[in-house]
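*Asks:* Protein sequence lines, in the order shown, are assigned to chains A and B.
This note's numbering numbers the first residue of the first sequence as 1280 and each following residue consecutively.
This note's numbering numbers the first residue of the second sequence as 1280 and each following residue consecutively.
It is worth saying that the hints were derived from the structure and are not from the lab.
Not one of these hints is a red herring.
Since the list gives no way to pick one copy over another, a pair counts as held whenever it fits inside one copy or between any two copies.
List of simulated lysine-lysine pairs, DSS-like, C-alpha gap at most 27 angstroms: (1) Lys1281 - Lys1426; (2) Lys1390 - Lys1426; (3) Lys1374 - Lys1395; (4) Lys1514 - Lys1395; (5) Lys1351 - Lys1390; (6) Lys1428 - Lys1390; (7) Lys1428 - Lys1395; (8) Lys1428 - Lys1388; (9) Lys1351 - Lys1388; (10) Lys1428 - Lys1282; (11) Lys1390 - Lys1282; (12) Lys1335 - Lys1510; (13) Lys1281 - Lys1390; (14) Lys1388 - Lys1426; (15) Lys1426 - Lys1510; (16) Lys1282 - Lys1388; (17) Lys1388 - Lys1510; (18) Lys1369 - Lys1514.
There are 2 protein chains.
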Amino acid sequence: MKKVEICLSPELIHLYDVQDKNVVIVDIFRATSTMLAALANGVDSITPVMDLETCKSMANSGYTIAGERNGKTAEGFELGNSPLAYLDNKYSGSKIAMTTTNGTVAIEKTKNVANKIILGAFVNLSATTDFLISEQRDVLILCAGWKGKFNLEDSLFAGALVSNLHPHFGTECDTSIAMKNLYEGNQHRLRIFMGQASHAKRLQNHNIEADIEFCLSLNIYDIIGILEEGKLVAKNPIK
Amino acid sequence: MKKVEICLSPELIHLYDVQDKNVVIVDIFRATSTMLAALANGVDSITPVMDLETCKSMANSGYTIAGERNGKTAEGFELGNSPLAYLDNKYSGSKIAMTTTNGTVAIEKTKNVANKIILGAFVNLSATTDFLISEQRDVLILCAGWKGKFNLEDSLFAGALVSNLHPHFGTECDTSIAMKNLYEGNQHRLRIFMGQASHAKRLQNHNIEADIEFCLSLNIYDIIGILEEGKLVAKNPIK
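Pulled out of the complex, with its shape left as it was, chain A reads as follows (with noise of 0.2 angstroms):
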């Protein structure tokens, strides 16, 4: 049996086989979740860039920037992290480049060893279990986490993915048996349990609640987000 594990921080990706995996990458606030709905509205492909100002020279190639540092819109970019931008297909046919402040590193640390990576977050949790399960293969889901630490909205999606791919995939990994608990226990509270954790990034930034509650939202997209030729692009889930 094919079997799924959880590495809940960038930063132990060097203890994990990360070789002909297919790796979730998880940033629910905001990357992963602004990416899959980017990709749902009609974009055509999202490049996840490391630094900022190569992001930002990639505005003279045609490219819409995108640009977050610690939860804001970086200096000069014409949009931050925010999933909201990207409604009513508003960047529909565009080509986006991005960078944020954890989801970037997350993708960058895995893509040349990984057999696919592809895009988690609540708003297409099912697309992404059902690809996973066509798979048929082994599945890491790697939590970006929060400079490195762990983080609570992160690793309870990877529990609800652990918790949707059982029985299909084995979970013996002392991460996913935990994550997938704590999921199941909180799930008909998600938002109320997430708000703990949430509060001091939203005293920071009082704009983030709409998004928080949209990067909640269950399964209103039926696409995935693949990196294929270092770009992230809209699948349908069953291939």
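Since chain A is already given, all that's left is putting chain B on it; use the hints.
*Replies:* Below, chain B alone, put in the same frame as chain A:
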């Protein structure tokens, strides 16, 4: 209000501010449980040692040597890492030198920076709680994990300690919120829940079931274990 944080692995310790904090080292299966059993059974002191060779050489200086790697007694060592070996005051008065796969690494990584280093385990959870409350100082719980990865037993104990310290300490750290909830949701079935995790380890070593049972015993000792001048010694929880 003073706060309590959890670091889930020694591999993440560089992300935390250890300075001036009281650090609780947790290695439930079995280093910290064993050390506390030894101290409660009259051992004079335990010197944690990083490597096997240094530890072994201390046999020539009057130390009883305990060495464990990958769950087994290391070659040439009188003691491994079983708490049962110390019961009935069998090593009362002895000076122990001990090296283990995960626990001693966690101590080494924090000992020069922390205010105080104490041992955390289910066997003396209440005493540890009382001590930390009496200290009125920020607490960092450091889980030894398994070769750098998250493990269930250390994380659940960390959650139990946070649960006990609440509401005397602030628990805003995401890891504290998650592990407190995980513990509180499973405290009435700890052995069953933990059984899932230790399955693989038990298969590797059929003799540690009695050890596991012992390590999950709650509050059988009323001492704390604390590092003083490089040695772990027993103290009463309230000064």
